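Colleague: Quick mapping for you: the protein sequence lines, in order, are chains A and B.
Residues 1 to 812 in this note's numbering are what the first sequence spells out, letter by letter.
Residues 1001 to 1259 in this note's numbering are what the second sequence spells out, letter by letter.
If you're looking for bench data, these hints aren't it; they were derived computationally from the structure.
Worth double-checking, as some hints may not be accurate.
Covered, in the sense of this in silico footprint (three residues per stretch, anywhere, with C-beta under 8 Å from a C-beta of chain A), are these stretches of chain B [to be verified]: (1) 1010-1019; (2) 1177-1185.
One side of the interface only, derived from the structure: several residues of chain A facing chain B at Cβ under 7 Å [unchecked claim]: (3) Ala102; (4) Trp103; (5) Val184; (6) Glu430; (7) Ser432; (8) Arg433; (9) Asn444; (10) Pro455.
Chain B residues, not near chain A, derived (Cβ > 12 Å throughout) [stated by the list, open to error]: (11) Gly1029; (12) Thr1152; (13) Asp1164; (14) Gln1196; (15) Ser1212; (16) Ala1241.
For clarity, every value in this text was computed on a predicted model and none was experimentally measured.
Glycine included, every Cβ here is placed at the ideal spot set by N, Cα and C.
One-letter residues, chain by chain:
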Amino acid sequence: MSLASEVPLYPLAPLLFAIAVISFVLQMARHLRVFRAAHPSDVANRAGDRLRSLLVYAIAQVRMFRDRRAGTMHAAIFWGFVLLTVGTANRVTAGLVEAVLAWPLDGWIWRIVVAAGQLLAVAVLVAIVYAAFRRVVTRPARLTLSRDALLVLVLIGGIVATELVAEAFRLARYGDPYEAATLVSWPLGRLVAAPLSPSAQQAIFGVTWWANILLVCAFLVYLPGSKHLHIATAFFNTAFRKLTPRGELPRMDLESESATFGVRTIADLGWKDLLDGFTCTECGRCQSQCPAWATGKPLNPKTFIMGLRQMAVDAEQGVPILPAMPRISGMPRVTWLRPSDAPGRPTADGGSVAVGGSPATSVPSGDGSASAATGTGLVASAVARPIVDTAIPYDAVWDCVTCGACVEACPVTIEHVDKIVGLRRNLVLEESRFPQEATTAFTNMERHGNPWGQPRTARLDWAKGLSFDVPVAADVMARGAEGGADGSSAAGPIDVLYWVGCAAAFDDRNRRVARALVTCLHESGVRFAVLGQEESCSGDPARRMGNEYVYQMLAQANVDTLNRYSPPKIVTACPHCFNTIANEYPQFGGRFEVVHHSAYLAGLVAEGRLRPASAARAEPAGAEARAGVEGGSAGAEGGGPAVAVATHAAGAGDRASGASAAASPRSVTYHDSCYLTRYNGVIEQPRAVLAAVPDLELREMERNGRQSFCCGAGGGRMWMEERRGIRINAERTRQALETGASTVATACPFCLVMMRDGVADAVAAGAAPPQVQTIDIAELLASSLASSRPPAKVGDASPHREAATASPEVSG
Amino acid sequence: MRIVVLLKAVPVVGNEKLVDGWRVDRSAGLEANGNDEYVLEAGLKLIEQHGGELVTLTMCPTPAMEAIRKALAMGAARAVHVQDPALAGSDTLATGLVLSAALRKLEYDLVFAGADTSDGQGGIVGAAVASRLGLPYLSYAARIEPDPGAGTVRVRRISATGYDVIEAPMPAFVAGTQLLGEPRYPSLRGIMQARQKEIASWTLADVGVEPSSVGSAASQTEVDSATPPPPRGGATVVREAPEVAAERIVEFLASRRLV
């Protein structure tokens, strides 16, 4: 190898490259200076899991392949770039890499590297063309056409193309012992370069070789200020990702008087949160999955993360690029390249909304000089600037349903939701700034222990009129103590504690789910109990709305209560209670085995303790006319002949088709709850319950499982008005109706309410047939049980709203 | 500007219980009276605007810490709590006597109170206090606009036909309504600061009232009997589509000659 002799002015190349590397390092060091102003992030643990995370997300890039074409394109560029780097390293070291790699095995390692590099270089070129085509021509909504993105494509394309051409002319002019491995450049050289004179070959080689090195150096200098920086940061970001349960929000110390409560400025974030910003590649997968964005709200998870990055960059402008060098006034400031605004999305009124969350405005140049005052050298005004209304609009902070679709979608494991809750904490705990309606929910949770504001004494009203007793834990315990004394164990211990949750205790519609669930438990002979008046709101809505104070009050009280009974297992039909008890109560000393009712019921069916019989023995809807003005919801829940009631409920959807419906299976679509699927991986169990019910045909929506689309009630949104854009439940209902299913099944009380309202609206608007019903999986299962005992009246064929429901989301 | 807000601790609405047949159970779960929170909010806004100090005055035979702490967390500077076992069973006149005696020991330009309370619903304690102290009494206020320079206060008073604008020299007594605006939700910062604030506990002796002139024995009113309201039943649930539902509701109201 004699690069030094072949390339004109060769010694300048390593020198130039070294300067570019130093520039890269200095710029990166400056980024890191902002990290020191942030809170520590605890990443020094679970090294094995972190390594696995790096391999899975950064190397194998599993999430990229959910979009198969984009994933393949990206993989081609990634692996091409890796081998390209080997070639570049070889060039700037005067052939050192080749010398080392060619030494063992008669040069075969080097041959393979060269051959693979050549093939991948072509793949990169194809991928670059495809990427540019997407950005410029097909333009998927999630991508923004920015100067940065195009420049990066041009740089990569240029580097690869010049390498292939330079190599072709070098081989033509000088030859190479490994030229046969140069699968592309060698034939190219023979084709194009061979006819030319040696001096022309040499001239073209020199020009293209130098163009390649200059492009590589330009790339290194440009990279730290570009979104493309992810090629360096993604490895760290995936390794340092959140490894605690995704549904576990960090615990706040409410007693520390000096601390800022929640997140106000970038200094209140952890440095890993800032790394998130420097890892964001603006691919927009989060945006495309976000239900708030999809329904025309100002929240955009992508521009939020970009905004944080811009804030970090604004803050570092006061730091000299060379350490301990006085800042030269008037030196141009590095500006993070920003994309043009994403296009607006359709809204309910057919107009379009402006894109919110646009990144920070630039720091006025005057700030730079004032900055020096802070010991860190950071721009003090930029560090102290509130994130809300800089990186994310105030409204958008409250639009988030915390569904975690963005977190699930991000290929480089950026965490959006925890940051948004951090912002809410600051708004609630420090500034008392939140949507007016939230006050009612907060006060109700604080005073009454439930967001509905119903008296505690009404907690067991749902169980009235059942044909069997619903045991209360305190009574079971008292009886158990007596039983132990006289030797009998009539009461005995319980198998499972049923955590009812406020929705099932107080919401009329969900009371029927509670009745269905205990019917299933009773039928299968499970020894269960409920807490009754000792139960309080799990605190999930308070926590996700940022009211950590009320959350901790509720959580601690519940943990104390539960610890008193130490149930062997807890079952609940509420995914929110499920998540917070399972994943967040350990922070308060509560470690319980919690199962969602879908899993528990699926287990009972699998064990043969529950035997569903025919579900679709449709009988004409009988005496229980539910339409019209009827006397009280409680009065209608009287029971009635067992089978008739059950089939009435289950078969109500088939009223139109009458008795003949028995033959054809009922079509059902299942709406996944975010806190089941994405947060806790409960995906198959509810489907197993549906599969156990005879004569049901499951029709999946396009967005199902981990890609489910929120109903709109998460993150405390149940308790806030939805004023911006179209309603999220309307959009999800549209998706559900698209399947043509006559039944929408849910496994979450809030999803049930939201989908019921969505279906009712669709029916009223003529967009859905009136017999479409919304129902919990427990109700479907209970109604299919062949039983001698009268089960609870279950099901709700009426899509109409219940005027008596006190939930605030029910509005005109 | 110095404002004193009369703050009553009442049983949590919906959880009221009677003891001894007729007496309101004040043993647990007391919260600030809703109407008092509206005038408290109005007072806090005036202090923010004009400067000065807002003090709450509570009379309650049992501890009323939750209600008082919340007022302090919302922004009241300090609290006075007249607490004496002899107060149990006091009627509105006795209450007026004690509160006016306590007010004589406080400095103020304005005294605020809610139009009435959610437990007793008498709505006359304010007038009793004002007349005992000889203060102008401005009731049913929907807006309160003091003019410290002129030493006057102007109030928008809700009447059956609209509103009156009435003005009085300060010091004056203002009884306010819900129309003053939603009370703020205390921030955690406010809750923490409230822990450091003074809650003065005064006995009857401190305010110079004879125990014999208060309590159930001294009360001028006598409760013959008290009956809890019958449980709400027969709720009518309309489950129709909106258009039909509207029709049903109108029919229902018409059948009772309500429309």
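Colleague: Each hint needs a verdict: does it hold in this structure or not?
Modeller: Here is how each hint holds up against the structure:
Three residues within the 8 Å Cβ limit are the bar, and the stretch 1010-1019 of chain B against chain A gives 3, so the coverage statement holds. Coverage of the stretch 1177-1185 of chain B by chain A holds [criterion: at least 3 residues with CB-CB distance below 8 Å; count 3]. Among the interface hints, the one on Ala102(A) is violated; its C-beta lies about 66 Å from the nearest C-beta in chain B, farther than the 7 Å criterion. For Trp103(A), the interface hint is violated, since its Cβ never comes within 7 Å of a Cβ in chain B; the closest pair sits about 66 Å apart.
At a threshold of 7 Å, the smallest CB-CB gap from Val184(A) to chain B is about 65 Å, leaving the interface hint violated. Annotation: Glu430(A) was flagged as interfacial toward chain B, and the flag holds, the nearest CB pair being 6 Å apart, inside 7 Å. With 7 Å as the threshold, the beta carbon of Ser432(A) comes within range of chain B, its nearest partner Cβ sitting at about 5 Å, so the hint holds. For Arg433(A), the shortest C-beta to C-beta distance to chain B is roughly 9 Å, which exceeds 7 Å, and the interface hint is violated.
For Asn444(A), the shortest C-beta to C-beta distance to chain B is roughly 10 Å, which exceeds 7 Å, and the interface hint is violated. Against a cut-off of 7 Å between C-beta atoms, the interface hint on Pro455(A) holds, since the closest Cβ of chain B lies about 5 Å away. Gly1029(B), annotated as away from the interface, has a beta carbon of chain A within 12 Å; the closest lies near 8 Å. With a least beta-carbon separation of about 32 Å from chain A, Thr1152(B) lies farther than 12 Å from that chain, consistent with its non-interface assignment.
For Asp1164(B), the non-interface assignment is confirmed: its Cβ lies about 29 Å from the closest Cβ of chain A, beyond the 12 Å cut-off. With a closest Cβ-Cβ approach of about 10 Å to chain A, Gln1196(B) is found to fall inside the 12 Å limit, against its non-interface label. In this structure Ser1212(B) is separated from chain A by more than 12 Å, as the shortest Cβ-Cβ distance comes to about 37 Å. Distance check on Ala1241(B): its Cβ comes as close as 5 Å (rounded) to a Cβ of chain A, failing to clear the 12 Å threshold; non-interface status is violated.
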